[in-house]
Amino acid sequence: MATFQHRVKAIEKEMTNSEKKIYSILSQTEKPFLLSMNELSKLSEVSEPSVVRFYRRLGYASYQELKVALVQENANDNAAGSIYEEIDLSDSADQIFHKIIDQTMVALHTTKELINYEAVERAGAMMAAAKRLFFFGQGVSGIMASDAAHKFLRLGETVMPIIDLHMEAIAASHMNEGDVIVAISHSGESEGLLKVLQLAKEKQARIIVITGFSKSSIAQIADELLVTSANETNYRPDAMVSRIVQMTIIDCLYVITVLHKGNHAIEAVNLSRLAVAKLKT
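The working numbering applies: residue 964 is where the sequence shown begins, and numbers increase by one.
Note that these hints are calculated values from the structure, not bench results.
Just so it is clear, the structure is predicted and the values come from calculations on it, not from any experiment.
Do not take every clue at face value.
[What the hints assert, rightly or not] Calculated lysine-lysine pairs in the BS3-like style (CA-CA distance at most 25 Å, straight line):
hint, residue 1, residue 2
1, K1114, K1075
2, K1075, K1062
3, K1094, K1224
4, K1114, K994
5, K1178, K994
6, K972, K983
7, K1094, K1158
8, K1062, K994
[Unchecked claim] Computed Cβ-Cβ distance ranges for the label pairs, DEER-style:
hint, residue 1, residue 2, range
9, E1076, S987, 16 to 24 Å
10, M1130, Q1167, 17 to 25 Å
11, K1114, K1241, 17 to 25 Å
12, D1051, E1152, 24 to 32 Å
13, F1060, D1214, 34 to 42 Å
14, I1050, K1241, 40 to 48 Å
15, N1233, E993, 45 to 53 Å
Every residue, glycine too, gets a C-beta built ideally from N, C-alpha and C.
Based on the sequences and whatever the hints tell you, model everything.
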């Protein structure tokens, strides 16, 4: 997968003056992924159509894709830097705590800046209209899928978490246009999950993908793509930061779904609470 810098290198000798100005601002800005298109246009002293031509020439379909690429580039450049500061063997408990909190805050803030809110709204509406709602994921993503299904089950609809690949394949083979899958994969490169989603697509099911990489294989099959921002560090192999970001997106989808369903959803949530409360008496 070509990085932002690799793509720039490929056209560097042929860049127009406007493109050079845009690239200069992106290179000199500490967090270029936080710039809106309007801000980048003004700082570069070029028109917004010039910015559009620039990112399209680099192979990005939207400004959102460019921003995601810049986040990933920034994370790589700062592997031992301040944004995703690595935990060191000599760190004290308070240093570790602060670094982990900082990592999480940066990931959430960056996701807030990068997320496609229109896609989130469409995904929520899609989930609200689904006859059956499935959450797919393996490994750590399977934990997220189960947690998400637990939340949406409170709405009184048919909700199923499936975290076994074979069972996902079986479920996909019986899907139809009324079904919606939320597929969770940080890398977006699970070959088995990709095959399952392709089968579900053939059956007319609609697919929402939550992933950390917009150019990943699974991202390409999504009807709605929700890209997270989180960088894994040396002592956090389970990608806890990415899980927190995924949970936040799922919470947002849940609230949007409730709003779309209206009073029916609120009544269902109250019934669910009452059912659980009776178990505690």
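query = For this structure, which hints from the list above don't hold up?
reply = 4 and 13
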